[in-house]
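Engineer: Sequence:
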Amino acid sequence: MRLVTYSERGRTSVGVLEAGWILDIPQAYTELLRQQGVADAAGRALAECPPDVVLLLARDGLGRAREAVAFAREALARDREGALQRGLAVAADAPGVRLRAPLQRPGKIICLGLNYADHARETNSPIPQYPELFNKFANALIGPGEPIVLPRVSQQVDYEAELAVVIGKPGRYIDEQRALEHVAGYTVLNDVSMRDFQFRGRQWMQGKTFDRSTPLGPWIVTAEEIPDPQALDISCEVSGEVLQRSNTREMIFSVAAVVAYISQIMTLEPGDLIATGTPAGVGFAREPKRLLQPGDVVRVTIERIGTLENPVIAEE
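Going by the UniProt record's numbering, the letters in the sequence shown line up with residues 1 to 316, in that order.
Treat the hints as calculated values from the structure; they're not laboratory data. Here the structure is a predicted model, which means the values were calculated and not measured. Incorrect hints may have been included.
[What the hints assert, rightly or not] What follows is a set of in silico ranges between Cβ atoms, one per label pair, in the way DEER data are often shown:
1. E67 - Q293: 39 to 49 angstroms
2. G240 - Q177: 37 to 47 angstroms
3. P128 - Q85: 54 to 64 angstroms
4. G37 - G240: 49 to 59 angstroms
5. P288 - E316: 44 to 54 angstroms
6. Q85 - L133: 40 to 50 angstroms
7. I127 - R11: 39 to 49 angstroms
8. K169 - E250: 43 to 53 angstroms
9. M266 - V97: 30 to 40 angstroms
10. P311 - R249: 26 to 36 angstroms
11. N124 - R80: 16 to 26 angstroms
12. T12 - G295: 26 to 36 angstroms
13. Q155 - Q85: 46 to 56 angstroms
14. D79 - P288: 57 to 67 angstroms
All residues carry an ideal CB built from backbone N, CA and C; glycine is no exception.
Construct the entire structure; sequences and hints are all you get.
Structural biologist: The structure is reproduced here in structure tokens:
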């Protein structure tokens with residue numbers, strides 16, 4: 001499934017994108033419960049399939065979401081106009097429909113630095129013996145099509161194409177061999193970095209979590225559709241020029257290893273987001289440097305997931 005968070009006419013909900021339609025999970029689950037004769041179907045649907053991906057995962061709602069999507073799919077095939085009027089589906093390209101960051105407020109955003117050997121080499125950094133971790137916060141997240149805002153206090157804003165992992169099952173001291181069982185799905189993240197702030201000290205966070213700086217999306221592809229996250233082409237294009245091109249097999253620490261390692265430090269919870277690092281080709285390591293400018297358009301593409309595209313603007 002392609003899980004999306006979308007807005008329409010002032011409301012925000014969660015759905016699955018299929019063949020140009022967004023099948024609305026909470027509304028479809030409400031109708032399914034009504035058909036089954038459940039009392040207070042709307043209240044129970046709100047509790048079991050809430051219109052927020054983090055809450056949906058926290059309430060172990062993916063199985064119910066699949067039931068709701070199957071119900072909406074069948075209703076759409078049987079009576080399209082009726083399904084649309086009942087709010088079971090909406091055209092993805094309808095006026096006023098907009099995809100948002102698929103996770104709105106994840107409990108944790110944990111990021112890896114230097115997780116591709118070629119990127120470590122281009123930055124003259126040693127290959128890490130353990131995952132290099134830093135964090136972001138939800139204030140940084142934006143969705144597909146939303147502008148990356150260049151803050152007026154930074155003149156060195158860089159792009160970083162990354163595979164992001166969404167946790168679906170809680171765990172502490174997770175065994176690496178079973179770590180992928182804790183993954184709900186995968187999405188695309190652009191770890192936009194303010195290099196002049198990042199390198200002011202030994203900790204990177206201050207250059208990594210500026211407001212409205214980190215594109216995420218356009219959707220979450222659920223884990224059963226990506227059985228091997230270490231076999232995905234990844235690339236970044238800025239204003240038509242391909243600047244990063246690699247494959248996730250080049251990661252130093254695999255997704256499974258990263259999930260297991262982080263779980264030694266903290267309990268991973270549904271909806272937590274892990275960004276797995278970027279390959280070589282970043283702007284500040286190039287000669288001449290290629291840093292983001294107003295008017296640029298950044299496209300990050302990961303095989304089997306999709307493309308995340310965002311324009312770049314200056315802060316007013």
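Engineer: Between Q155 and Q85, does the beta-carbon spacing fit 46 to 56 angstroms?
Structural biologist: holds (52 angstroms)
Engineer: How does the Cβ-Cβ distance of K169 and E250 compare with 43 to 53 angstroms: does it lie in that range?
Structural biologist: violated (27 angstroms)
Engineer: Take a look at whether the Cβ-Cβ distance between D79 and P288 falls inside 57 to 67 angstroms.
Structural biologist: About 59 angstroms separates the Cβ atoms of D79 and P288, which means 57 to 67 angstroms holds.
Engineer: N124 and R80, beta-carbon distance inside 16 to 26 angstroms?
Structural biologist: Taking Cβ atoms as reference, N124 and R80 lie about 58 angstroms apart, which means the hint is violated.
Engineer: A range of 40 to 50 angstroms was offered for this pair. Does it hold for the Cβ distance of Q85 and L133?
Structural biologist: Once the Cβ atoms are compared, 49 angstroms apart, the range 40 to 50 angstroms for L133 and Q85 holds.
Engineer: So does P288 sit 44 to 54 angstroms from E316, Cβ to Cβ?
Structural biologist: For P288 and E316 the Cβ distance comes to about 28 angstroms; the hint is violated.
Engineer: Using the Cβ atoms, figure out if P311 sits within 26 to 36 angstroms of R249.
Structural biologist: Holds: the Cβ-Cβ distance is about 31 angstroms, inside 26 to 36 angstroms.
Engineer: Is it true that the C-beta distance of G37 to G240 lies inside 49 to 59 angstroms, as the hint says?
Structural biologist: Holds, at about 56 angstroms.
Engineer: Does 26 to 36 angstroms hold as the CB distance between T12 and G295, or does it fail?
Structural biologist: holds (29 angstroms)
Engineer: With 39 to 49 angstroms as the target window, see if I127 and R11 comply at their CB atoms.
Structural biologist: holds (48 angstroms)
Engineer: 30 to 40 angstroms was suggested as the range; check whether the CB atoms of M266 and V97 agree with it.
Structural biologist: holds (36 angstroms)
Engineer: In this structure, is the beta-carbon distance linking P128 and Q85 contained in 54 to 64 angstroms?
Structural biologist: Because 55 angstroms falls inside the window, the suggested range holds.
Hints 5, 8 and 11 from the earlier list are contradicted by this structure; the remaining hints agree with it.
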